[in-house]
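J.: Heads up: the sequence lines are chains A and Z, in that order. Numbered per the numbering used here, the first sequence spans residues 1 to 84. Numbered per the numbering used here, the second sequence spans residues 101 to 184.
Some clues are possibly wrong.
[Said to hold, decoys possible] Restraint-style ranges between C-beta atoms, simulated for each label pair:
| no. | chain 1 | residue 1 | chain 2 | residue 2 | range |
| --- | --- | --- | --- | --- | --- |
| 1 | A | W27 | Z | P161 | 32 to 42 Å |
| 2 | A | Y9 | Z | T102 | 21 to 31 Å |
| 3 | Z | K182 | A | V60 | 33 to 43 Å |
| 4 | Z | V160 | A | L58 | 36 to 46 Å |
| 5 | Z | K182 | A | V17 | 38 to 48 Å |
Simulated from the structure, these hints should not be mistaken for lab results. The structure presented is a predicted model; accordingly, all values stated were derived computationally and were not measured. Think of the CB as a built atom: it goes at the ideal place given N, C-alpha and C, for glycine as much as any other residue.
There are 2 protein chains.
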Amino acid sequence: MTPSLAIGYLAAIMGTVCWIPQAVQVWRTRDTRSLSLMANLMFLVTVILWLIYGVMILDVPLIVANVVSTTAMITIVAAKLKFK
Amino acid sequence: MTPSLAIGYLAAIMGTVCWIPQAVQVWRTRDTRSLSLMANLMFLVTVILWLIYGVMILDVPLIVANVVSTTAMITIVAAKLKFK
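Given only the sequences and the hints, what does the whole structure look like? Please build it.
T.: Shown next, in the form of structure tokens:
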């Protein structure tokens with residue numbers, strides 16, 4: 001594996017798991033006041049678009065990563081809408 | 101442009117600008133309590149890694165997108181560390 005490919009994979013993995021602690025925190029504390037609804041909604045749309053793109057080009061890593069991200073982001077946006 | 105490419109570009113653009121409203125909100129309200137430091141730090145590292153990857157493979161769209169994302173994420177993480 002080339003150094004650039006290793007960095008690309010590391011970025012992809014980190015970008016996939018990084019929203020899990022945010023999802024856990026909002027449901028544990030029920031506090032979402034400082035989360036921007038606009039930012040989180042836009043990012044939810046972003047990961048759904050990446051998922052659709054992954055399905056269209058049949059790219060398995062892109063699909064797997066964006067199923068995880070979409071799940072985390074739905075959890076965060078749901079908390080934001082529920083605990084205002 | 102193919103439909104999949106159009107969706108890929110839309111995802112890239114949306115994923116680049118989406119954190120700007122969050123950055124504006126935390127500095128305007130000085131409230132960062134519900135932001136997960138872990139999640140935002142990991143995402144900052146993610147966009148820095150994508151930026152390094154973009155520089156290594158000389159991909160201009162990747163560099164431009166991740167300069168914007170890195171700036172937004174530094175702004176958010178700085179607010180989180182300053183306004184505890």
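J.: Per the hint of 36 to 46 Å, is the separation of the Cβ atoms of Z:V160 and A:L58 within bounds?
T.: violated, 26 Å
J.: Cβ-Cβ distance between A:W27 and Z:P161: within 32 to 42 Å?
T.: Cβ of A:W27 to Cβ of Z:P161: about 35 Å, so the range 32 to 42 Å holds.
J.: Does the hinted range 21 to 31 Å hold for A:Y9 and Z:T102 at CB?
T.: At roughly 26 Å between Cβ atoms, Z:T102 and A:Y9 fall inside 21 to 31 Å, so the hint holds.
J.: Given a hint of 38 to 48 Å, does the C-beta separation of Z:K182 and A:V17 actually sit inside it?
T.: With Cβ atoms ~26 Å apart, the hint is violated.
J.: Take the C-beta atom of Z:K182 and the C-beta atom of A:V60, compute their distance, and say whether it sits inside 33 to 43 Å.
T.: The hint (33 to 43 Å, Cβ to Cβ) holds, given that Z:K182 and A:V60 are roughly 41 Å apart.
Hint check: violations occur at hints 4 and 5; the rest are consistent with the structure.
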